[in-house]
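Engineer: Take a look at the letters that make up each chain.
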Amino acid sequence: MRQAFSDSLVRIADADPRVLLLTGDHGYALFDAFRKAHPDRYINAGIAEQNMVGMAAGLARMGFRPFVYGLSAFVPVRVLEQIKLDVAHDDLPVIFVGDGAGFVYSHLGTSHQSLEDIACIRAIPGMTVLSPADRHELTAAMDHAHASGRSVYLRMGKADLGDVHTPETTVDVTRFQCLRPGREGGTVILATGPIATTAVRVADQVEGAAVWSIPSIKPFDTAALATICQTAGRLVTMEEHSVMGGFGSLVTEEVSALHPLPVLRIGVQDRFSEHCGSYDYLLREHGLDLDTVTARVAAFDARA
Amino acid sequence: MQSVRNVSRSNLSFEPARLRRTVLDMAYAGQTVHIGCAFSIIELLAVLYRKHLRFSPTDPRSPDRDLLVLSKGHGVMAQYACMHEIGWIDDQAVSGYFADGSTLKGLSDSRVPGLEVTSGSLGHGLSIAVGMALGARIDGSDRRVFAIVGDGEMNEGPNWEAMLFAAQQKLSNLVVIVDENGFQAMGRTDEIIGLGDMAAKFTTFGFDAVTIDGHDEAAIDQTLSAFRSDGSQRPKAIVARTVKGRGVPFMENNNIWHYTRLNEQTYRDAIAAIGGDQA
Chain D
1 MRQAFSDSLV RIADADPRVL LLTGDHGYAL FDAFRKAHPD RYINAGIAEQ
51 NMVGMAAGLA RMGFRPFVYG LSAFVPVRVL EQIKLDVAHD DLPVIFVGDG
101 AGFVYSHLGT SHQSLEDIAC IRAIPGMTVL SPADRHELTA AMDHAHASGR
151 SVYLRMGKAD LGDVHTPETT VDVTRFQCLR PGREGGTVIL ATGPIATTAV
201 RVADQVEGAA VWSIPSIKPF DTAALATICQ TAGRLVTMEE HSVMGGFGSL
251 VTEEVSALHP LPVLRIGVQD RFSEHCGSYD YLLREHGLDL DTVTARVAAF
301 DARA
Chain A
1 MQSVRNVSRS NLSFEPARLR RTVLDMAYAG QTVHIGCAFS IIELLAVLYR
51 KHLRFSPTDP RSPDRDLLVL SKGHGVMAQY ACMHEIGWID DQAVSGYFAD
101 GSTLKGLSDS RVPGLEVTSG SLGHGLSIAV GMALGARIDG SDRRVFAIVG
151 DGEMNEGPNW EAMLFAAQQK LSNLVVIVDE NGFQAMGRTD EIIGLGDMAA
201 KFTTFGFDAV TIDGHDEAAI DQTLSAFRSD GSQRPKAIVA RTVKGRGVPF
251 MENNNIWHYT RLNEQTYRDA IAAIGGDQA
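Protein chains in written order, with the numbering used here: chain D, 1 to 304; chain A, 1 to 279.
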């Protein structure tokens with residue numbers, strides 16, 4: 001997914017001379033291709049994220065199209081007020097790319113783990129919030145974000161979990177992406193971000209479960225959810241994010257108004273990580289590993 | 001643009017007493033606060049609008065305008081007063097300040113034509129100004145950026161991040177003006193977060209910086225003119241020593257006028273202090 005990000009960035013900048021890249025001294029090697037292609041459009045703002053976002057707003061007001069790159073623990077959470085006031089208030093065309101969302105920096109601890117960014121950013125009026133599951137959704141998300149000319153947060157999670165789409169698929173990131181059809185009245189799993197790869201594997205073991213990937217958290221395709229609710233027996237949401245205020249909360253808010261159904265929200269409970277370890281270790285600590293999730297979904301699916 | 005500016009500005013004096021009168025009218029009509037911090041920047045704004053800011057009187061969003069970023073958004077009534085002189089704000093907006101459904105808010109808001117940023121949450125404007133100055137330079141434009149920050153606002157960390165970046169990039173098209181009126185919300189700056197010698201700090205950070213009397217229009221003009229022509233590659237800073245509440249003796253250096261609303265008597269007294277109905 002990171003290669004797709006780099007490729008997309010270079011391609012978009014090739015086509016649009018107003019595109020600039022700002023980074024808060026992050027992204028070593030990730031921007032080699034961009035720096036080679038457009039050295040004068042690469043701006044290392046230093047370890048000063050608040051100033052970086054304010055500057056991006058100033059550049060956007062001068063007609064530029066900044067991409068602002070940071071770790072998702074810092075962009076958007078550390079700079080939330082700058083995003084709200086300096087950028088989103090006038091819907092300036094700035095694209096924030098928060099890398100390493102979720103437990104990606106599993107060994108580094110709480111400062112680098114980002115599990116509240118969706119909850120924070122989606123409350124800001126007008127923001128587009130994209131959460132691609134794989135390189136195909138990421139590429140489509142980059143193009144959509146740039147074409148929209150609006151304020152966008154693009155959440156990049158664990159980048160090496162593989163694809164959920166085939167290379168032939170044309171992804172419209174504004175729409176729900178059906179990864180696995182299910183049976184009528186059965187369990188429908190709605191996943192956002194790379195945890196969609198887990199969702200597909202869960203469905204291998206829960207017969208009749210459907211799986212959808214939802215790359216656009218905001219705007220959210222309420223009509224698509226309404227259609228799913230017409231035939232679903234119950235819903236499961238999956239995200240590598242807190243269950244408070246994130247994707248699961250969003251689905252629950254919508255479902256409660258549209259077509260009430262039981263919803264199982266799978267995500268991170270209201271606590272920080274206790275321990276350090278591999279990415280897989282932390283997923284297990286928080287009950288987001290394949291076995292735990294499969295067991296929970298199977299038990300939920302067995303409900304009348 | 002040059003000729004347009006000279007012709008159309010000939011009737012615009014931005015006379016400080018008139019600007020203060022407009023502030024008093026708005027503050028009284030809206031029963032609002034922040035009079036003291038508007039009065040401390042009156043002469044700074046007057047000189048900027050009168051002579052140094054490039055703008056189109058008929059279009060507050062003209063694409064080649066210079067950019068005035070009021071980071072200390074609490075002083076926005078002073079900027080409204082200048083915009084009223086130009087005609088960007090009508091009399092109704094002054095007399096109807098803070099009426100339900102009105103456009104002009106109590107802090108700077110970028111959706112108002114003539115204002116460049118949404119500020120009031122402090123420590124935002126300078127970073128935006130630095131981005132604007134960087135953008136102008138990338139474009140090879142001669143547009144200039146002026147950022148007015150409060151001395152109390154310099155408590156905020158992003159200002160110092162912005163200063164470092166501006167110096168690193170040699171943004172000579174940026175002029176930072178610190179309204180050093182010596183007060184912040186809860187008291188004197190030197191009793192809360194003392195700033196010491198601000199000009200020395202700017203100089204150390206890589207700026208050309210001078211300290212002047214922020215109510216001396218000739219000194220303001222002279223400094224801005226000198227900055228324009230000195231050929232230095234460094235960003236510029238003016239530390240403007242000002243008086244909070246300047247122009248009305250019972251408001252001067254009295255921080256209660258950060259919070260106090262005018263009543264009929266204090267409104268009349270304040271108008272008399274700035275020159276009565278002549279203002």
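These are calculated hints, taken from the structure and not from any lab test. Mixed in with the good hints, there may be bad ones.
Chain D stretches covered by chain A per the calculated footprint, using a threshold of three residues with CB under 8 Å from any CB of chain A [said to hold, decoys possible]:
id: 1; stretch: 42 to 51
id: 2; stretch: 95 to 108
Below, computed lysine-lysine pairings styled on DSS-like, alpha-carbon distance capped at 30 Å [what the hints assert, rightly or not]:
id: 3; chain 1: D; residue 1: Lys84; chain 2: D; residue 2: Lys218
id: 4; chain 1: A; residue 1: Lys51; chain 2: A; residue 2: Lys170
id: 5; chain 1: A; residue 1: Lys170; chain 2: A; residue 2: Lys105
id: 6; chain 1: A; residue 1: Lys170; chain 2: D; residue 2: Lys36
id: 7; chain 1: A; residue 1: Lys51; chain 2: D; residue 2: Lys84
id: 8; chain 1: D; residue 1: Lys218; chain 2: D; residue 2: Lys158
id: 9; chain 1: D; residue 1: Lys158; chain 2: D; residue 2: Lys84
id: 10; chain 1: A; residue 1: Lys201; chain 2: A; residue 2: Lys170
id: 11; chain 1: D; residue 1: Lys84; chain 2: A; residue 2: Lys105
Stretches of chain A that chain D covers, calculated by requiring three or more beta carbons in the stretch to come under 8 Å of a beta carbon on chain D [to be verified]:
id: 12; stretch: 47 to 56
id: 13; stretch: 109 to 121
id: 14; stretch: 157 to 163
Where is the CB? At the ideal position from N, CA and C, for every residue including glycine.
Engineer: When you check the alpha-carbon spacing of Lys158(D) and Lys84(D), does it fall within 30 Å?
Structural biologist: At roughly 26 Å apart (the allowed maximum being 30 Å), Lys84(D) and Lys158(D) satisfy the hint.
Engineer: Report holds or violated for chain A covering the stretch 42 to 51 of chain D, Cβ cut-off 8 Å, minimum 3 residues.
Structural biologist: holds (count 6)
Engineer: Please verify whether Lys201(A) and Lys170(A) have alpha carbons no more than 30 Å apart.
Structural biologist: 17 Å, holds
Engineer: For Lys170(A) and Lys36(D), compute the direct alpha-carbon distance and say whether it is at most 30 Å.
Structural biologist: With Cα atoms ~24 Å apart, Lys170(A) and Lys36(D) stay inside 30 Å; holds.
Engineer: Are at least 3 residues of the stretch 47 to 56 of chain A within less than 8 Å of chain D when you compare beta carbons?
Structural biologist: violated (count 0)
Engineer: So if I understand the rule, the pair passes when the alpha-carbon distance is 30 Å or less; does Lys170(A) with Lys105(A) pass?
Structural biologist: It is violated: about 35 Å lies between the C-alpha atoms, which goes past 30 Å.
Engineer: When I compare C-beta atoms, does the stretch 157 to 163 of chain A have three or more residues closer than 8 Å to chain D?
Structural biologist: Answer holds; 4 residues pass the 8 Å Cβ test.
Engineer: CA of Lys51(A) to CA of Lys84(D), is that 30 Å or under?
Structural biologist: 34 Å, violated
Engineer: When you check the alpha-carbon spacing of Lys218(D) and Lys158(D), does it fall within 30 Å?
Structural biologist: 20 Å, holds
Engineer: Given the hint that Lys51(A) pairs with Lys170(A), test it: the Cα-Cα distance must not exceed 30 Å.
Structural biologist: Measuring from Cα to Cα gives roughly 25 Å; hence the hint holds.
Engineer: Does the stretch 109 to 121 of chain A contain three or more residues whose Cβ lies closer than 8 Å to a Cβ of chain D?
Structural biologist: holds (count 7)
Engineer: Just to be careful, I want the Cα atoms of Lys84(D) and Lys218(D) compared with a cutoff of 30 Å; is the pair within it?
Structural biologist: With Cα atoms ~15 Å apart, Lys84(D) and Lys218(D) stay inside 30 Å; holds.
The structure fails to meet hints 2, 5, 7 and 12 from the earlier list, while all remaining hints are met.
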